[in-house]
Amino acid sequence: MLKSIPFRIVVIVALLIIGAIYLRPTLRYEQLSKEETQKLHELSALTNIPLATLGIDIYRDDVDLKGEVEESDIDEVKKTQARKLIDYLRGPFREKIKYHRAQAIKRGLDLQGGMYLVLEVDVVKLVENTARNKDERCEAILAELRDRAQAGNVDILEVLQEICRRRSISLSTYWGEAGQTDESIRKDLQTSGEDAIDRSLEILRNRIDQFGVSEPTITKMGSRRIAIELPGVKDPARARELIGRTALLEFKLLIEPERTQEVLLKIDNIVKASMGIDTTTALTDSAALAQAKADTAAAAADTAKTDTGAAAVKAEELFAEAGTKTEEVDSATLQHPFLGLLLGGRGDIIVPAKNKSKVSRYIASREIQRTLPSDVQFLWSNAAEQRSQTEESYWTLYLVKKQAEQTGATLADARSTIGSGYEPDQAGKPIVEMEMTRPGARIFSRVTGANVGKRLSIVLDDKVHSAPQIRGKIPGGNAVITGMRDMEEARDLAIVLRAGALPAPVQVIEERSVGPSLGRDSVEAGQLCLILSFSAVILFMIWYYRASGIIADLAMIFNVFLLMAALALFQFTLTMPGIAGIILTIGLAVDANVLIFERIREELRLGKTVRAAIDTGFDRALLTIIDSNTTTAIAGVVLLIYGTGAIKGFALTLTVGIIINMFTAIFLTRLIYNIATHKRQLKTLSV
Amino acid sequence: MPQFFANAHYKFVAYRWRTVTISGIIILAGLVTMAVRGPNWSVDFRGGMDIQVRFAQPLSDGQVRSALADMNVGEVKTISGLGQKEDILIRLKVSENSEETQRQVQQKLEASFPGNSVEIRNVAAVGPKVGRDLRRSALLSGILAVMMLLIYISWRFKFEFAIGGIIALVHNVGVTMAFLVFFNYELSLSVLAAFLTLIGYSINDTIVVFDRIRENMKKRRALNLRDIMDLSINETLSRSVITSVTVFLTVLVLFIFGGDVLRGFSFVMMVGVIASAYATVFVSAPIVVEWAEKRMVKGRKPR
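The listed protein sequences correspond, in order, to chains U and S.
Position 422 (the first sequence) corresponds to 461 in my numbering; numbering is contiguous.
Position 5 (the second sequence) corresponds to 205 in my numbering; numbering is contiguous.
Do not rely on the hints blindly, as some may be mistaken.
Listed next, the in silico DSS-like pairs over lysine-lysine satisfying Cα-Cα at most 27 angstroms (straight line) [what the hints assert, rightly or not]:
| # | chain 1 | residue 1 | chain 2 | residue 2 |
| --- | --- | --- | --- | --- |
| 1 | U | K647 | S | K418 |
| 2 | S | K293 | U | K397 |
| 3 | S | K277 | U | K273 |
| 4 | S | K419 | U | K647 |
| 5 | S | K277 | U | K395 |
| 6 | U | K468 | U | K493 |
Derived from the structure by calculation, the hints contain no laboratory data.
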């Protein structure tokens, strides 16, 4: 049956039809996305919303685009047009493009723009977080662990166990239950590590879905890594921030100003001592302290009306290096090398931007960390502030209780909105409103009730967003995060808060992003290459083999057609290297036919009849075709299994191409010859 | 109707020492150059960060380099971007905080060239750990591919043929690598893919000759091994050339029009195709002859 001509014709025609069916959505999607781009351009021109923002927000249900149009100050005609466009795009068009996109050949990131990220979950941090009774020995273990983890993709827990064994410390000193064996603790840590990756995967998926990326892929890579592909992302920086941040929300109480002052003075002394300055003038310090207290009292009286002013420190006198006479402060900075870097103001520790790194270094230094009370920590504000154009920007440093009163785990919902009311840091600014779960609200009410008058900082990923004073018990379980640059940031923050915090920090260890314009150019270059190499090979084959060359060309075109259909059918992703694979397939596709034709020519030269020559030619060439293609396919399969990213795309088209290649050469070419020689005695053969 | 090498009767086997020597010199020169210069790893394997930018009004790489003078910039060069324009590639040694670094680069460029808009077209930031992992998996996949091919050829042919095929393969990779080094192309993931394809392709090329040798050994028992080799190579010569030409044409198109992404890839394939055609004719079969004759000398003397 395989040899019967009608059967073969049926098979070929069937393949053509199936191929056409599978390729149609690809062509249709091409049209639709052109239309989409054009409509988005129009909409952007009408509403003055940047194209990049529209590209992300257009299909997001949580974004009230029409509302934004309504509130903007463009004229009515434009508003109506914009509304119509939005309705059209969000209506039937959206379904249509979604459907066709799902059926079309997937385009790799390099062809449509987008980003690829590999995240590594910080297992060391996880180990650190789960340790209890942390002391210096434990810190030393963790420090070594961190060092060794830098070296490469090692099994962190194995290293941990080995370090502890070498120091003859049993794991149960710091992890697991007392008396638990090392092995079982390790197993527990392992499980919690794997659990952390799985949970991170889930949370990231959640965040990305809400971000409105069409068809992201999120996969686990090995035991510690997560690979994320975000096709079509137009704002990589924003996406990266959304994905990479831990989003750990904590509520921490601020340390009282008096105690803060003491700590600062202590640090100042240590810094001074370390700088080798004579500290016999202990008097100065006690004097300074006394003055600080006096100031505190005075300031409290001064600013009794202001909301932050529980104990504002008028620090201009204390912190000698006030903005006015920065250059002539040598003696003051010598006296107070640390305090000299700070500015006072409204109860906060203000640090001019230029001093921030120095202050950070001091705080992080080992001596100071050692003298710091174990239950407190320093945290920075989330962004630099600038009170006026002329003034330099500054950061705020907070001393807070290490133990959080409450975390984001108790959040029920988070929404971004524009703040209203009279609060200066909220009114008219983007904020995120949070609503807590019932038990969360109970905790919050208890915490606020017990700490009236104190300040509670809202900390996100170790950065203080605000630290309002608790004026009374807050029963409803509502809180607000302020300090976002713009509405987009607030929106993204609401997303990450809703999706939840990652169980352990993640680190971006690989990032590739391709701008949409490069993607477009690549597609054009790919098409050009395809057309040119097609033409070159077609012409060469016709020149060399004449009529048979046409047969080979037909087979080659059929081949590429089937290859594309296979890409659509199996939902493979086409990349630029993938196009290179297709083009290479074009070159190789004719090889099988070349083998056949050369064989036929040889047989004809030996004086065989046309039909006999064709038959022997095919039979003899068959084995060779199988052998030679199999070898290339072996290399292709190895690439497919071990290759990453770009290589995989190439290996895919090459391997599939070779398989189709063999089929076409044996099946289609022969069919055409058979038809040509069927019932006819050809005297000559154009080969 | 054109016909290449219609009645070819070249004595390829007789030239074998000369031809193998030429290849040997090229490979050796490549190795020496590589040893002197050190391997030119791309960002994939070395770790670090590549940023490709395009300016609305084109600038020279020198201008960009001086604008970024205070950053830890490795190399800044002009590359052919797609769409008939030139892009500038900025190489940085760091890969941490890629977002922050990108922003800094963009800000610095915008500040240095006011009124000229800059677009970041492509970013690749690879951590050093990832680079190491990629290098290892690349090496592994190369070894695995060669092993599998060895097994396949030994199964389909005789072991001597497998050796001949693998030597041809090593030859092709060696020669191509040498040219890659001479022209100072960097070793990237796509170049690696090209090498692995070349492994498959060069065996493919060799196999066709081997197939013919196998066939002729059965058909023409009167001929000695050398003559069978020569006959088989001559008989398949036109096919070898035609296939090389068609494949070469397609990769040439990629080399010219495929842009910077595919330049290294297509360069490897171009050189590889030529090396492979050369090896098929001049290297692999002659080596099999040498090997087989030595074995026959050891065992029973032929004739």
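- Query: Within 27 angstroms, alpha carbon to alpha carbon, are S/K419 and U/K647?
  - Reply: 18 angstroms, holds
- Task: For the pair supplied as a hint, S/K293 and U/K397, confirm whether the alpha-carbon distance does not exceed 27 angstroms.
- Result: Holds - the C-alpha atoms of U/K397 and S/K293 are around 25 angstroms apart, at most 27 angstroms.
- Given the hint that S/K277 pairs with U/K395, does the C-alpha gap stay at or below 27 angstroms? Given pair S/K277, U/K395 is violated - Cα atoms ~35 angstroms apart, limit 27 angstroms.
- Query: Is the hinted pair U/K647 and S/K418 satisfied, with a Cα-Cα distance of at most 27 angstroms?
  - Reply: Roughly 21 angstroms between the alpha carbons, so the hint for U/K647 and S/K418 holds.
- Message: Just to be careful, I want the Cα atoms of U/K468 and U/K493 compared with a cutoff of 27 angstroms; is the pair within it?
- Response: Cα-Cα ~25 angstroms, so holds.
- Given pair status - U/K273, S/K277, alpha carbons within 27 angstroms: OK: S/K277 and U/K273 at ~26 angstroms, within 27 angstroms.
When the structure is compared with the earlier hints, a violation turns up for hint 5 alone.
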